[in-house]
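Engineer: Single-letter residue listing:
Protein chains: 2
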Amino acid sequence: MNTTPTQTKPFRFSLSQLLFGKPIATRDLEHQNVNRIVGLAVFASDALSSTAYATEEILFILALAGTSSAVLGISIPLSIAIAVLLTIVTISYRQTIYAYPNGGGAYIVARDNLGEVAAQIAGAALLTDYILTVAVSISSGVAQIASAFPVLLPFRVEIALLVILIMTLVNLRGVKESGTIFAIPTYFFLITMLLTLLVGLYRYFAGTLGVVTGVEMVETGTVQALTLFLILRAFSSGSAALTGIEAISNGITAFKEPRSHNAAVTLQWMSGILITIFLSITFLAHQIHAVPSEAETIISQLGRVIFGNGSILYLAIVAGTALILLMAANTSYADFPRLAALHAGDGFLPRQLTFRGGRLVFNWGVVTLATMASLLVIVMNARTTALIPLYAIGVFLSFTISQTGMVVRLRKIGRLKPGEKIQGLETVMAYDPRWRLKMVISGLGAVCTGIVMLIFAVTKFTSGAWFVILLIPVLVLAFFRVHHHYKAVARNLSLEKNGHDITTHPVQTVVLVDGVHAGTVDLVNFAKSLKHPWHAVHIGINPEKASKVSALWDAVIGEGELVVVPSPYRQLNRPIRTYIENLLLENPDTIVHVVVGHLAMETAWEQALHQNSVLIFNLALNGLERVVLTIVPHQIHRHQTEEGVVDRNVFTPADLRSN
Amino acid sequence: MNTTPTQTKPFRFSLSQLLFGKPIATRDLEHQNVNRIVGLAVFASDALSSTAYATEEILFILALAGTSSAVLGISIPLSIAIAVLLTIVTISYRQTIYAYPNGGGAYIVARDNLGEVAAQIAGAALLTDYILTVAVSISSGVAQIASAFPVLLPFRVEIALLVILIMTLVNLRGVKESGTIFAIPTYFFLITMLLTLLVGLYRYFAGTLGVVTGVEMVETGTVQALTLFLILRAFSSGSAALTGIEAISNGITAFKEPRSHNAAVTLQWMSGILITIFLSITFLAHQIHAVPSEAETIISQLGRVIFGNGSILYLAIVAGTALILLMAANTSYADFPRLAALHAGDGFLPRQLTFRGGRLVFNWGVVTLATMASLLVIVMNARTTALIPLYAIGVFLSFTISQTGMVVRLRKIGRLKPGEKIQGLETVMAYDPRWRLKMVISGLGAVCTGIVMLIFAVTKFTSGAWFVILLIPVLVLAFFRVHHHYKAVARNLSLEKNGHDITTHPVQTVVLVDGVHAGTVDLVNFAKSLKHPWHAVHIGINPEKASKVSALWDAVIGEGELVVVPSPYRQLNRPIRTYIENLLLENPDTIVHVVVGHLAMETAWEQALHQNSVLIFNLALNGLERVVLTIVPHQIHRHQTEEGVVDRNVFTPADLRSN
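Residue numbers (the working numbering), protein chains in the order written: chain W, 1 to 659; chain U, 1 to 659.
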């Protein structure tokens with residue numbers, strides 16, 4: 001084996017490089033090593049950003065039963081219930097972080113403990129949800145901005161699409177410096193939000209907190225009864241606050257050693273902050289009599305009451321919230337392509353998703369995510385409330401599967417003897433005396449999130465959840481179809497099955513000839529150089545032209561036989577295929593080597609002026625065994641003229657009429 | 001030379017055949033032989049249909065100066081002036097018909113007498129106008145229908161696009177039986193229109209003709225002064241009535257012998273009928289106080305007053321008018337592709353426009369026409385009045401050029417001696433004692449249509465004509481660019497310039513290898529069968545994979561050298577090109593024969609799951625001399641499995657986890 005170094009040419013100026021930067025070599029693929037402060041910034045934006053809409057979505061549902069303080073006040077116990085759920089999930093996920101120090105996403109944990117089907121379901125659910133995260137976060141972010149600048153309200157869809165486009169370009173360029181860049185908006189949000197809540201609570205206790213006025217309340221139609229169903233529906237809408245909590249368990253490898261410990265501490269901090277902000281917003285929103293509105297978000301209403309309309313601090317809290325929402329969308333740009341590449345690597349999605357582009361980014365994944373999220377934004381008119389019923393089912397499904405996987409794993413560990421270790425697919429399982437307690441915690445988490453998912457599915461079925469409930473099995477089916485295909489191809493290509501004797505065959509060369517010109521001379525030169533028996537074939541679409549070509553062949557080439565195959569229906573593909581099929585029948589052991597010319601132009605515009613029949617021949621010969629197709633290019637140079645005169649006079653009628 | 005008959009396979013069921021019918025053999029290309037009755041039906045629809053909007057467009061412009069009877073009454077002298085113009089053009093075109101018995105379209109006459117530049121200008125003008133004919137006729141036809149059924153008014157664009165789509169499909173199928181099919185709607189229109197006008201005139205003279213009421217008048221803004229400019233603008237709008245008058249001179253060959261005589265008589269009849277209908281409509285429209293309206297056409301207003309709203313005869317005249325308009329659009333579907341094929345045959349448009357599809361139709365021309373007309377309908381909102389300023393300039397430009405060509409031709413004839421003949425490009429020119437009179441007639445026609453064209457250009461410049469005035473020179477320039485390209489290619493391919501010695505070269509085979517599998521064995525078998533020096537190359541995007549491939553190569557293939565070319569930036573194209581370029585430098589006289597494998601799937605969906613790098617290699621090697629590329633396909637059969645069991649169990653987790 002020989003290794004030749006590649007000569008790296010100086011790169012020419014290109015739009016691609018201007019937009020995406022210079023290519024990065026594979027060896028520069030690095031692992032980040034972030035501390036807890038930066039880690040919180042990187043991984044918390046998705047989770048923290050959901051506080052921007054969770055309270056609002058609870059109020060939207062409760063408002064269907066009227067806008068009295070008593071009804072909207074139910075938001076407070078609902079938020080406490082959600083906080084309890086969040087605590088359970090946090091404790092359960094701490095265990096996953098310690099068990100899977102190399103990354104414990106739902107897909108990995110499911111594949112490791114529950115098998116491919118569970119893993120594919122978890123993956124399909126998560127991929128769906130990552131798309132929704134982009135759509136929901138950007139829609140909500142644009143809504144925050146439009147609350148401060150109502151003039152933008154009619155352009156919400158356009159702005160959201162523009163944001164997705166910019167985010168896609170940035171992510172195709174790759175975000176190497178992500179850590180520090182992420183820290184700024186996350187901590188800006190945290191500081192402004194905590195300040196807002198502190199001032200708000202202070203003014204509440206001081207009795208100077210006013211109430212919000214001038215908000216255009218959402219239209220709810222006739223008032224419904226305050227049923228348990230409605231309350232559960234409000235609860236499930238608010239549970240969107242839990243989305244993003246799994247981010248740290250996916251990204252453990254990004255932390256400094258001791259990884260698991262640092263990740264676990266960061267997770268606890270994140271949950272604590274999330275619960276604090278979420279409960280405070282719900283409490284204060286109730287005190288200022290905030291109302292759900294299509295035109296102004298709850299955060300904007302809070303900011304307005306606490307800091308006064310148009311004040312710097314009001315603008316800061318709105319900007320901070322919009323920023324954290326964009327950051328949250330951006331995390332999906334990391335998570336979706338990575339998870340899709342995992343699926344593709346296991347053969348459940350097209351292989352192309354595993355290719356890293358010039359900037360080491362999974363380009364196909366980024367583009368797929370952006371396309372799907374844009375479609376969702378267009379269809380749903382960039383309305384957060386319309387997207388929420390589709391959202392979070394996927395996350396809760398993956399929570400349930402992941403924690404169920406942990407239960408299965410802990411039961412296996414429970415069967416080990418003290419000191420014993422066994423090798424799982426991903427990690428080593430060692431005896432653990434506290435396996436029973438841990439299993440109960442994971443089991444509790446699985447049951448709770450499972451129940452919430454069912455509440456989701458039932459209470460939101462008609463308002464949009466049906467789509468996701470239908471989509472996930474369809475996706476899983478598609479994943480297995482893809483997998484089946486790759487397995488079939490692997491079987492087809494297996495050397496054991498097909499044998500691998502290297503044998504030679506006689507080769508018969510067939511030159512396809514359209515006319516007789518300099519390109520044809522190239523073709524014949526090549527055919528003769530091959531030193532195998534050869535003849536030429538012309539497809540006679542036009543009988544007059546066929547006679548001319550035959551005569552020219554005899555006069556100019558003067559050797560080799562030219563066969564004219566008539567084509568009464570003016571097709572190229574059928575007559576060629578039939579001719580080659582006959583040739584194969586007559587020569588059972590021979591490889592038929594079809595040689596075609598290709599006039600290569602300097603620009604695509606010029607190329608479009610020619611028939612480019614190579615593609616047609618390629619299709620015509622598709623599926624034939626023992627047939628190979630060779631393309632002999634003949635380069636046409638635009639400025640190759642004998643006398644420059646011809647060029648300059650080309651537009652005068654005299655010159656042209658003589659042609 | 002040998003001629004092998006093609007085995008024609010029984011055609012399988014296909015969507016294409018269902019839509020377009022079975023292919024037709026080239027020998028079945030027939031010339032029609034129609035008598036005058038059918039000839040009138042085939043060629044008159046375009047001209048006659050313009051009566052549906054000509055009067056209306058005059059009124060639209062006059063209404064800008066107020067809607068008093070005195071102002072709108074100017075439409076009557078304007079229509080008489082247009083009728084005089086039409087008479088002059090008819091007499092002039094009679095002469096063309098006799099001079100060019102094989103078809104005397106403006107393109108042919110201009111090329112024959114004025115040279116390529118004039119011919120290309122005439123052609124560009126006509127092609128533009130054919131597209132506008134489709135857009136105008138279908139928009140007006142839909143407006144007629146919407147006048148009778150106002151509920152359709154908001155869907156005019158959608159209906160117009162649907163009509164274009166259906167017409168495109170019908171024309172891709174080819175209209176063999178055109179003659180008789182055309183006769184029905186044309187004569188239906190003629191009968192209903194003449195009946196309407198007769199009844200209308202009778203009621204006018206009997207004093208029982210009422211006036212129209214309840215029409216939503218078009219909004220005109222502030223009343224303008226009735227300037228000469230405005231009157232000329234109204235005149236030029238009405239001149240749209242002349243469009244289509246040239247159709248017979250294009251289609252002389254379709255007539256029975258004596259062709260020229262039959263065509264000339266049909267032309268006279270057509271002009272007579274056209275003038276009668278046009279003048280009567282203008283006269284009656286004035287009597288019933290018809291007003292220009294976006295919601296109801298003048299024809300509908302006339303029908304309503306004469307026959308009563310909702311009566312059968314009212315519906316008949318509206319239906320007849322809509323039908324003739326659709327027929328007029330349909331004639332462009334014959335004219336545009338035929339003219340485009342003429343241009344393409346002379347090398348001024350892409351060659352593909354000369355290819356006849358399975359149904360002997362110039363498919364590319366039909367699709368181009370449909371696309372452009374659809375775009376116009378969308379941009380102009382299917383409003384006839386918005387399209388009219390763009391319309392008819394092209395036709396009048398081609399009238400002027402064609403008749404100027406006749407003047408040049410007749411001057412040449414005038415220089416002949418009695419009895420003398422000379423051969424022109426298209427026809428023989430013989431001495432004609434009446435050449436002076438004929439030249440004056442053609443000259444008068446040329447001057448009149450030229451003046452009208454200038455009036456058009458000036459009075460409608462700002463309302464849309466600027467676009468066509470700009471477009472035509474751009475098109476002519478593009479045509480000559482295309483022509484220049486084809487000439488350059490012909491020079492490049494010329495055998496005189498390049499010589500045509502058949503020489504052989506040594507061949508060096510390079511096999512590109514991605515992995516080592518059954519497809520690779522095919523590749524190596526072919527490379528060895530070629531019996532030229534060969535080695536293999538692997539582009540090492542992933543160093544680990546490269547080592548594996550090397551090891552497998554040694555173990556399985558065990559002969560031939562495998563060179564690994566590293567690709568640190570994960571590209572395929574650059575490393576290959578650099579490698580081949582080096583090889584070419586090292587072997588100055590050798591043909592480098594690059595052999596690549598291609599995994600061919602049974603469906604496009606499956607194909608999309610693979611990298612299909614053949615295209616990448618093709619681009620990578622683009623422009624290199626002495627390099628040929630061979631594709632060795634390896635067909636993957638979907639259902640090739642050793643044990644059927646694998647297939648059935650593919651969805652169980654147990655089976656999959658063992659993989």
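What the hints contain is simulated information worked out from the structure, not anything from laboratory work.
Treat the hints with care, as some may be off.
Since the list gives no way to pick one copy over another, a pair counts as held whenever it fits inside one copy or between any two copies.
Unchecked claim - Simulated pairs of lysine-lysine, DSBU-like, Cα-Cα distance not exceeding 30 Å:
#1 Lys487 with Lys22
#2 Lys531 with Lys421
#3 Lys256 with Lys487
#4 Lys417 with Lys531
#5 Lys421 with Lys528
#6 Lys421 with Lys487
#7 Lys545 with Lys22
#8 Lys417 with Lys545
#9 Lys417 with Lys487
#10 Lys528 with Lys548
#11 Lys412 with Lys548
#12 Lys545 with Lys412
Please read all numbers here as calculations on a predicted model, not as lab measurements.
Engineer: Compare the structure with each hint and give your call.
Structural biologist: Hints, verified against the model:
Taking the shortest alpha-carbon separations for Lys487 and Lys22, neither the intra-copy value of 37 Å nor the inter-copy value of 40 Å comes in at or below 30 Å. Proximity of Lys531 to Lys421 under the C-alpha cut-off of 30 Å is found in neither arrangement, the shortest distances being 66 Å within a copy and 58 Å between copies. Proximity of Lys256 and Lys487 under a CA criterion of 30 Å is satisfied in neither setting, with 39 Å inside one chain copy and 68 Å between copies. In the homo-oligomer, the alpha carbons of Lys417 and Lys531 never lie at most 30 Å apart, since the shortest distance is 73 Å inside one protomer and 66 Å across protomers.
Taking identical chains as interchangeable, the C-alpha atoms of Lys421 and Lys528 are never at most 30 Å apart, the minima being 69 Å within one chain and 53 Å between chains. For the homomeric pair Lys421 and Lys487, neither the shortest alpha-carbon distance inside one copy (33 Å) nor that between copies (79 Å) is at most 30 Å. For a Cα distance limit of 30 Å, the shortest separation of Lys545 from Lys22 across copies, 25 Å, qualifies, whereas the shortest one inside one copy, 51 Å, does not. With identical chains, the CA atoms of Lys417 and Lys545 are never at most 30 Å apart, being 87 Å at best within one copy and 40 Å at best between copies.
Taking identical chains as interchangeable, the C-alpha atoms of Lys417 and Lys487 are never at most 30 Å apart, the minima being 39 Å within one chain and 87 Å between chains. For the homomeric pair Lys528 and Lys548, the shortest alpha-carbon distance inside one copy (23 Å) is at most 30 Å, but the shortest distance between copies (38 Å) is not. Taking the closest pair of Cα atoms, Lys412 and Lys548 never come within 30 Å of each other, the shortest separation being 82 Å inside a single copy and 35 Å across copies. For a Cα distance limit of 30 Å, the shortest separation of Lys545 from Lys412 qualifies neither inside one copy, at 79 Å, nor across copies, at 35 Å.
Going through the hint list in order, the structure does not satisfy hints 1, 2, 3, 4, 5, 6, 8, 9, 11 and 12.
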